[in-house]
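*Asks:* The residues making up each chain are set out below.
Protein chains: 6
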Amino acid sequence: MVYLTRSEHFNAAHKLYNPAWSYEKNEAVFGKCANENWHGHNYELLVTIKGMPDPDTGFVFDVKKLSTIINREVIDKIDHRNLNIDVDFMKGKMCSTENLAVAIWNELKEHLPPNVALHCIKLYETPRIYVEYFGE
Amino acid sequence: MVYLTRSEHFNAAHKLYNPAWSYEKNEAVFGKCANENWHGHNYELLVTIKGMPDPDTGFVFDVKKLSTIINREVIDKIDHRNLNIDVDFMKGKMCSTENLAVAIWNELKEHLPPNVALHCIKLYETPRIYVEYFGE
Amino acid sequence: MVYLTRSEHFNAAHKLYNPAWSYEKNEAVFGKCANENWHGHNYELLVTIKGMPDPDTGFVFDVKKLSTIINREVIDKIDHRNLNIDVDFMKGKMCSTENLAVAIWNELKEHLPPNVALHCIKLYETPRIYVEYFGE
Amino acid sequence: MVYLTRSEHFNAAHKLYNPAWSYEKNEAVFGKCANENWHGHNYELLVTIKGMPDPDTGFVFDVKKLSTIINREVIDKIDHRNLNIDVDFMKGKMCSTENLAVAIWNELKEHLPPNVALHCIKLYETPRIYVEYFGE
Amino acid sequence: MVYLTRSEHFNAAHKLYNPAWSYEKNEAVFGKCANENWHGHNYELLVTIKGMPDPDTGFVFDVKKLSTIINREVIDKIDHRNLNIDVDFMKGKMCSTENLAVAIWNELKEHLPPNVALHCIKLYETPRIYVEYFGE
Amino acid sequence: MVYLTRSEHFNAAHKLYNPAWSYEKNEAVFGKCANENWHGHNYELLVTIKGMPDPDTGFVFDVKKLSTIINREVIDKIDHRNLNIDVDFMKGKMCSTENLAVAIWNELKEHLPPNVALHCIKLYETPRIYVEYFGE
Chain A
1 MVYLTRSEHF NAAHKLYNPA WSYEKNEAVF GKCANENWHG HNYELLVTIK GMPDPDTGFV
61 FDVKKLSTII NREVIDKIDH RNLNIDVDFM KGKMCSTENL AVAIWNELKE HLPPNVALHC
121 IKLYETPRIY VEYFGE
Chain B
137 MVYLTRSEHF NAAHKLYNPA WSYEKNEAVF GKCANENWHG HNYELLVTIK GMPDPDTGFV
197 FDVKKLSTII NREVIDKIDH RNLNIDVDFM KGKMCSTENL AVAIWNELKE HLPPNVALHC
257 IKLYETPRIY VEYFGE
Chain C
273 MVYLTRSEHF NAAHKLYNPA WSYEKNEAVF GKCANENWHG HNYELLVTIK GMPDPDTGFV
333 FDVKKLSTII NREVIDKIDH RNLNIDVDFM KGKMCSTENL AVAIWNELKE HLPPNVALHC
393 IKLYETPRIY VEYFGE
Chain D
409 MVYLTRSEHF NAAHKLYNPA WSYEKNEAVF GKCANENWHG HNYELLVTIK GMPDPDTGFV
469 FDVKKLSTII NREVIDKIDH RNLNIDVDFM KGKMCSTENL AVAIWNELKE HLPPNVALHC
529 IKLYETPRIY VEYFGE
Chain E
545 MVYLTRSEHF NAAHKLYNPA WSYEKNEAVF GKCANENWHG HNYELLVTIK GMPDPDTGFV
605 FDVKKLSTII NREVIDKIDH RNLNIDVDFM KGKMCSTENL AVAIWNELKE HLPPNVALHC
665 IKLYETPRIY VEYFGE
Chain F
681 MVYLTRSEHF NAAHKLYNPA WSYEKNEAVF GKCANENWHG HNYELLVTIK GMPDPDTGFV
741 FDVKKLSTII NREVIDKIDH RNLNIDVDFM KGKMCSTENL AVAIWNELKE HLPPNVALHC
801 IKLYETPRIY VEYFGE
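Protein chains in written order, with our numbering: chain A, 1 to 136; chain B, 137 to 272; chain C, 273 to 408; chain D, 409 to 544; chain E, 545 to 680; chain F, 681 to 816.
Bear in mind the hints are in silico, worked out from the structure with no lab data behind them. Among the hints, erroneous ones may be present.
Residues of chain F placed beyond 12 angstroms of chain E at every Cβ, according to the derived structure [unchecked claim]:
#, residue
1, K730
2, D736
3, K773
Cβ pair distances, simulated, as ranges [to be verified]:
#, chain 1, residue 1, chain 2, residue 2, range
4, A, T68, D, Y431, 18 to 26 angstroms
5, A, T68, B, A253, 25 to 33 angstroms
6, D, N445, E, E654, 22 to 30 angstroms
7, F, K771, E, P599, 27 to 35 angstroms
8, A, K64, B, G167, 18 to 26 angstroms
Ideal Cβ placement from N, Cα and C applies to all residues, glycine included.
Whenever a hint applies, use it, and build me the whole structure from the sequences.
*Replies:* Structure representation (structure tokens):
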């Protein structure tokens, strides 16, 4: 079993704001992340899959195809977008990095070939903050 | 003469949109950067000053004081903000990285002590795109 | 279950020197790391916790609060210090990166809220050397 | 149990080409990676071992000795080489990063002292693509 | 005047070998870089241009167009290639990073619009070795 | 004219303390950097030289020889040392990064071959603070 990771980047706007709360409570809990006019990030997304290398290619999976799938199923839907407004799979959810990582897992899991398994979504919000989700 | 650089980070939302143009022209020129619902970045700001090291301290300038000035005059005004809406010194300007770097130079230049000179503003929009401005 | 990591930095002096050994044996085992006048590092500390995202905030834990705890319980006690002399929780221990990571785990584990668990301490001594400790 | 990682670099040429296939099929599967005149990479190799810190040294294992072993058993055989032609332990295998990581595991596993275990080979082919192998 | 930099990556094989010299002299001068079976690198190329920001766009030049030009004129000709064999503009030249940077300058200089000037080619051969060329 | 840069690393202890001042004044000016028991850093040193590429080698200067000179004249004298106590060329000087960069320039400038010139010493004290010295 070998683990293969591909890193992709995207830029997006978001804010942390719970519509069930008052403006004051949002400010108190989320601080400047609650700014009503949004802020944004250069996110770095690392997708790890696992499987057995194919004897004919030496590949767990063709990393260019992996990149194509990540871009088609995820990046194209969130890059240069507003995560709170523009992204179907984040509708009705708080736009935390935690929730975004879980949502990206759910977007990707059905689109991998049967001989590999999705292992981890690692998502950097800034160079010093990241989350990981392993599907359970 | 020694050059001293301090790096600071901020996160902000913006869009590239010229209000004198039609929606279609903005789309044609700026592509997904024109998304009306904003996108955002983790900007990295490098401020370089120059001067002679002080014989008593060995410092061109105390780098903690430099950090305090950059934060007070620039970062506190743009971090977790919308550059098009929330930032006084970007009002009426296109929110390109080029214009933001020049505006940051202008915000900082009056706030340094007389024995040092501002040398360069280097601003990363993404890890692969940056601009530099030397004041002329 | 989502894993959340926050990275913090500190600078410290140390030496590798076993007081039960002769100077010559220390030199033979630790080489230039045994220099009696100390050397030092820019350490990078990554603290990973795990838990379920809160439905109201989307957070496993507020990363700013995590940073506050790491700084109060660890960084403030070791940053710009001499690890062999100045740090209570390293007293009587060899100042290896391994032992420092285990000691940081022990300092932090009691200070996290009940709904999250400490998962990993990852400590870089240099960009090319790091250790990880998972509490067992 | 503490995990200790050492990073080493090497530069090598390779191509992805299955000699059992036609030129056209190799082109179709591997694209420009099949270029008959080779291409190359700056590989980054991270070797992780695990064990209990020694009470006298604080070390799981002396990281300088670990570096010496990695260089003697692996780096000296592949650095500035052609992976398809010059490297005995890659003979008859497809030169994918997956297969190279597994082969490096096999080269190293016999050369570590009995009190530590090899835990992971992590191999970057580019800054955005890496594989990991845990020996099973 | 603002300076704008775009970074691009490519992977290539090469060797350092002067055909006017004996094999022994090549070995003596270039060491393992003379390996007849090639080695390779992940090169990182930073192209800096300078100009006045356009009042309508805020751009010195559209960085996506800059990327397109760099890819069309340079990257497509050298990525996943053998620099000694496959690249017209390196024919008859020693394949040092110095000569490659100068050749890339010459490939690019005619393809920029009249309102901007090429300022610098910065080329990393490894993360710890780079060259810069300013056109004179 | 091509500029060639080689990066080297070293780890050292130091403190910022002016012996002509009281303990209290040192604390007031240098804060925790004045800690009497020292602190330390992983310094990163970038040495840039300039010259014309040699037609026979393509090199401004053999970068391995440059590395050998930097290590022999500088790194071997400061790595794993105490900059205030152990380093002859810092005796009697404040151990700021500014003064260290100037001192490294003076150590290196006589040891380069006549066909190249020393252009810049760039010295990182932390990933977010660096100084540059151009010899004047």
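*Asks:* CB of N445(D) to CB of E654(E), is that within 22 to 30 angstroms?
*Replies:* Distance hint for N445(D), E654(E) holds at roughly 27 angstroms.
*Asks:* Quick one: work out the minimum CB distance from K730(F) to chain E and report holds if it exceeds 12 angstroms, violated otherwise.
*Replies:* Non-interface label on K730(F) violated, nearest chain E Cβ at 9 angstroms vs cutoff 12 angstroms.
*Asks:* Has the hinted range 25 to 33 angstroms been met by the Cβ atoms of T68(A) and A253(B)?
*Replies:* 50 angstroms, violated
*Asks:* When you look at the beta carbon of D736(F), is every beta carbon of chain E farther off than 12 angstroms?
*Replies:* 6 angstroms, violated
*Asks:* Note whether the CB distance of K64(A) and G167(B) lies within 18 to 26 angstroms or breaks it.
*Replies:* 24 angstroms, holds
*Asks:* Would you say the C-beta atoms of K771(F) and P599(E) sit inside 27 to 35 angstroms of each other?
*Replies:* For P599(E) against K771(F), whose Cβ atoms are near 56 angstroms apart, the range 27 to 35 angstroms is violated.
*Asks:* Taking C-beta pairs only, is K773(F) more than 12 angstroms away from all of chain E?
*Replies:* The claim stands: K773(F) keeps its Cβ more than 12 angstroms from every Cβ of chain E (closest is about 28 angstroms).
*Asks:* Has the hinted range 18 to 26 angstroms been met by the Cβ atoms of T68(A) and Y431(D)?
*Replies:* 24 angstroms, holds
In terms of the numbered hints stated before, the structure departs from hints 1, 2, 5, 7, listed from lowest to highest.
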